[in-house]
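**Q** Protein sequence lines, in the order shown, are assigned to chains A and B.
If you read the first sequence in the numbering used here, its first letter stands for residue 1, the second for the next number, and so on.
If you read the second sequence in the numbering used here, its first letter stands for residue 1, the second for the next number, and so on.
The reader is advised that the hints may include incorrect statements.
Unchecked claim - Simulated DEER-style distance windows between Cβ atoms:
#1 B:Ala-4 to A:Trp-95: 17 to 27 Å
#2 B:Pro-204 to A:Ala-17: 26 to 36 Å
#3 B:Gln-55 to A:Ser-93: 24 to 34 Å
#4 A:Leu-242 to B:Gly-248: 36 to 46 Å
#5 B:Pro-204 to A:Trp-47: 49 to 59 Å
#6 A:Val-69 to B:Ser-15: 56 to 66 Å
#7 B:Ala-93 to A:Arg-29: 16 to 26 Å
#8 B:Ser-15 to A:Ala-58: 14 to 24 Å
#9 A:Trp-7 to B:Ala-93: 16 to 26 Å
#10 B:Leu-65 to A:Thr-37: 31 to 41 Å
Said to hold, decoys possible - Selected chain B positions facing chain A (in silico; Cβ < 10 Å):
#11 Leu-64
#12 Val-68
#13 Pro-102
#14 Ala-221
Please keep in mind that the hints were generated in silico from the structure rather than gathered at the bench.
Ideal Cβ positions, reconstructed from N, Cα and C, are used throughout, including at glycine.
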Amino acid sequence: MTGRGAWLLVPALLACALGTAGGAALTLRMSLHAPGTGAGLYEPGSWSLASWAVLADAHHGRIIATTVVTGLAVAALSTAAGYLMALAAAPLSGWRFALAMGLILAPRLCGVLAALFGLQRLLPRGWPGGVLAETWLVAPYAALVLVVAMRGIDPALAAAARGLGAGPWLVLARVVWPLSLPAVALCLQLGWVWGLGAFLGPLFLGGPDQATLAVEMQRELFDLGRWPRAAADGVVLSLLCLMAFAASPRGARA
Amino acid sequence: MSPAWTRALGWLLVSALLVPVAHSVWVSFSPDMLLTPPVAAWSLRWHIEFMGDPQWTMALGRSLLAAVLAAGVAVPLGAMAALAPARHGAAMAVLMAPACVPAAALGLGLLVAAHAAGLAGTWAALVLAHALMGLPVAVLLARLGCAAELELLRSAARGLGAGPWETARRVTLPLLAPWLWAAAGAVFLISFNDAVVAVFVCGPDTETLPVVAWRQLRHAAGPLVAVAGVASLACAGGVAGVVMMIGGRATPE
Chain A
1 MTGRGAWLLV PALLACALGT AGGAALTLRM SLHAPGTGAG LYEPGSWSLA
51 SWAVLADAHH GRIIATTVVT GLAVAALSTA AGYLMALAAA PLSGWRFALA
101 MGLILAPRLC GVLAALFGLQ RLLPRGWPGG VLAETWLVAP YAALVLVVAM
151 RGIDPALAAA ARGLGAGPWL VLARVVWPLS LPAVALCLQL GWVWGLGAFL
201 GPLFLGGPDQ ATLAVEMQRE LFDLGRWPRA AADGVVLSLL CLMAFAASPR
251 GARA
Chain B
1 MSPAWTRALG WLLVSALLVP VAHSVWVSFS PDMLLTPPVA AWSLRWHIEF
51 MGDPQWTMAL GRSLLAAVLA AGVAVPLGAM AALAPARHGA AMAVLMAPAC
101 VPAAALGLGL LVAAHAAGLA GTWAALVLAH ALMGLPVAVL LARLGCAAEL
151 ELLRSAARGL GAGPWETARR VTLPLLAPWL WAAAGAVFLI SFNDAVVAVF
201 VCGPDTETLP VVAWRQLRHA AGPLVAVAGV ASLACAGGVA GVVMMIGGRA
251 TPE
């Protein structure tokens, strides 16, 4: 960050750093407060590991396991769905391409509320319903990343493969798939991180035994008024996301 | 480029994305409380009831206002960051962080921060939270507008004696305008459709449309939630269309 005008970065950097890292630090501090007594949400100024101790019980173990499995399922399903949608949209041009991208992104960008109502009525209750609803929310972004990657592939490569006698399946397997792998890795990584934070799908469609950390966090916060416990759940969720980033393939992080 | 059956499957999935939204729109015209899609008899009963219920109409107004204010905060910050001369990877990682953190964790962090700052449940907390959520997209879109030609034209303007403000007014802003409008539209949609962070940072006086609907969806979703979805879809789609039109007109010849 050198040269004149570098100060232009400062306001946005400060906002992002304070909003994310600052919020995370305050959440960690909140998790170390003693639980509130009576109507209090927490004991101001106190220090306690009580909220962290409960994370070791079987109930929380199951919630963390559900969160991780949900994250993996959402990542795999949203990437697969996004890949197929990208294969359909990427070869189009002009208004057909614009229409295809509009159809993929518009329901996600404009109609989350309508979609939640529809998903709640159309999908089965339970873990599969929650995962499918969350996949519905993530897949359009996966399709967007993959369309950009596929349109960046030199069309001459596919034409050359066809000229050498390769059929559409072989072109897909030997040309398009290998060249789109970095984008697939990125989608898996983002899908995993967003899937770990699965909230709306499990909340509205998941059963009580399939709560994720995000759902448990809001339950502790709003239903039970136990802010330190909610904060401990939030810290664990953030740590899981950091681990997901760290465990992702190098191509996805590049 | 790919076998026909993979493309057919892709289109099937695109259709599947539209089904829940279409179902919600359809149910909103149901004449009764049963929430079944109407076939023979269609009715605007719930739409009329929605328009006459201040709980919903005020929430819709608050959603629109919060989205406009969030765009007003995020777009200038994003444009400034995009115009900075050089960027480290670390700086970009920080700028993209709000988009990579799960929304629920971000919401909790912002709630605790707002509580510590005495801003819990206020408009400031809601607008700043939504601006933060939209900032990564605003930076990315503004950066797309900062093509190599823009830098050359800015250098040329400075070489001809224009000061920083005149260069910004006469060269940078006109060339960036379509991208800034796109960024404003994107931030607006992110804010308007947010049903996670808003749940954490909204207070009773700042409840947005998704938050009111969220409370109802958790217990017993009535037909008014379907109408709220339709209203949200219409507003978001309308604003996106207007922004695209203005952005298109702002494109320099």
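**Q** Hint by hint, note whether the structure agrees.
**A** Hint check results:
| no. | hint | result |
| --- | --- | --- |
| 1 | B:Ala-4 to A:Trp-95: 17 to 27 Å | 22 Å, holds |
| 2 | B:Pro-204 to A:Ala-17: 26 to 36 Å | 30 Å, holds |
| 3 | B:Gln-55 to A:Ser-93: 24 to 34 Å | 47 Å, violated |
| 4 | A:Leu-242 to B:Gly-248: 36 to 46 Å | 41 Å, holds |
| 5 | B:Pro-204 to A:Trp-47: 49 to 59 Å | 32 Å, violated |
| 6 | A:Val-69 to B:Ser-15: 56 to 66 Å | 28 Å, violated |
| 7 | B:Ala-93 to A:Arg-29: 16 to 26 Å | 24 Å, holds |
| 8 | B:Ser-15 to A:Ala-58: 14 to 24 Å | 42 Å, violated |
| 9 | A:Trp-7 to B:Ala-93: 16 to 26 Å | 19 Å, holds |
| 10 | B:Leu-65 to A:Thr-37: 31 to 41 Å | 39 Å, holds |
| 11 | Leu-64 | 14 Å, violated |
| 12 | Val-68 | 16 Å, violated |
| 13 | Pro-102 | 2 Å, holds |
| 14 | Ala-221 | 6 Å, holds |
Of the numbered hints listed earlier, those contradicted by the structure are 3, 5, 6, 8, 11 and 12.
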